[in-house]
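K.L.:
Listed here are the chains, written in short residue letters.
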Amino acid sequence: MRARSLTLSILLAAAAVTLAVVGFTPIHSASRDQIFAIPKGTWARRMSGDKIEILPNHIRLTLGIRDILVLRNQDDVPQIFGPTLMMPGQSFRLPFERAAEYTFACTAHASGQMTIVVEPNPTTPWARIRWRINHASN
Amino acid sequence: MPHLTRRWAAALLTLLLATSADAANEKIANFKAGVFDPPRQAPEFSLLGSNGGELHISNYHGKVVLLAFGFTSCTAVCPITLNTFAVARHKLGTAAANVQVVYVTVDPQRDDPVRLKKYLGGFDPTFVGGTGTEQQLAAVRKNYGISAERQNLGDSYTYEHSSFTYLIDRGGRIRALMPYGHSPDDYVHDLSILLKE
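Read top to bottom, the protein sequences are chains H and R.
My numbering numbers the first residue of the first sequence as 1 and each following residue consecutively.
My numbering numbers the first residue of the second sequence as 1 and each following residue consecutively.
Calculated directly from the structure, the hints in this document are not laboratory data.
By construction, the Cβ of each residue, glycine as well, lies at the ideal position given by its N, Cα and C atoms.
Just to be clear, a hint being listed does not mean it is correct.
[What the hints assert, rightly or not] Counterexamples of contact, computed for chain R against chain H with all Cβ distances above 10 Å:
no., residue
1, 35
2, 118
3, 153
4, 160
[As the list claims (entries may be wrong)] Here are the in silico distance ranges between beta carbons for each label pair:
no., chain 1, residue 1, chain 2, residue 2, range
5, R, 54, H, 121, 46 to 56 Å
6, R, 46, H, 126, 26 to 36 Å
7, R, 52, H, 26, 51 to 61 Å
8, R, 189, H, 55, 46 to 56 Å
All chains should be modelled from the sequences, with the hints used to inform the complete structure.
P.N.:
Dropping the structure here:
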């Protein structure tokens, strides 16, 4: 019984320390790029009837952490990708500086548009913890 | 209990590692607009210009071009975009002489050169508009990846159209795409970079 409560105490203490570290450490990112790429052969696969969705309808970015949308066309033909026409081998790098919801016309989507939600930089400890938990798998 | 403890410890360790793995070597984007890499040459076109001549994009090699698509009856996007261009040019001062605004209509039925000239002159007399046949304009839109969809409104009609602006450098290359809604200062920032090249 004493061993269990000792383990529990240690666990709670460890959890408290971890949350403190996670919450108070500012979030820096090795790269602020959120990258989407059209792989080589996509056009051919589409022509053969495959339904390929590369760019989601909704993209979530976070200011100061992951706030640059990078699109790459690695296919052999020009592609409408997000808001723009991209040549083979071309990339497009779009930075965001304001937290807001951005809507772009995008003929690659059935809805005809793409939405990018840019969230504010998490500045409070709880916001950082939430952000880290949400992005721990990325 | 020991099993639960190990799972908890693993979860806490994952969070700690994720936190410590963050690095501060952040890349700073130079442009406010989205940048193409490598940039491609702006596709050539030949349209009727609001200045009375033929409008080719190559007419403006040596200048930085803001290329936008719209229509003069647009009440939502175009007036704001064109006013932004005008304010940005004003803020650039004498450097604005090397910045050319080119506005290509998506509505050839209503936008002839005279109407374009009058409309654009309300923002800045240096702005140049372009129009042509439906086929000519459709070809230009395809080459530039512009969407324009006509929508009937009772006896009239409007267009849903791409609202961004291309920034074309002095060498005629499409360098960047500025999404709708950016401020005149953002344009001044990016134009200044291109003007210095």
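K.L.:
Which numbered hints does this structure break?
P.N.:
1, 4, 6 and 8
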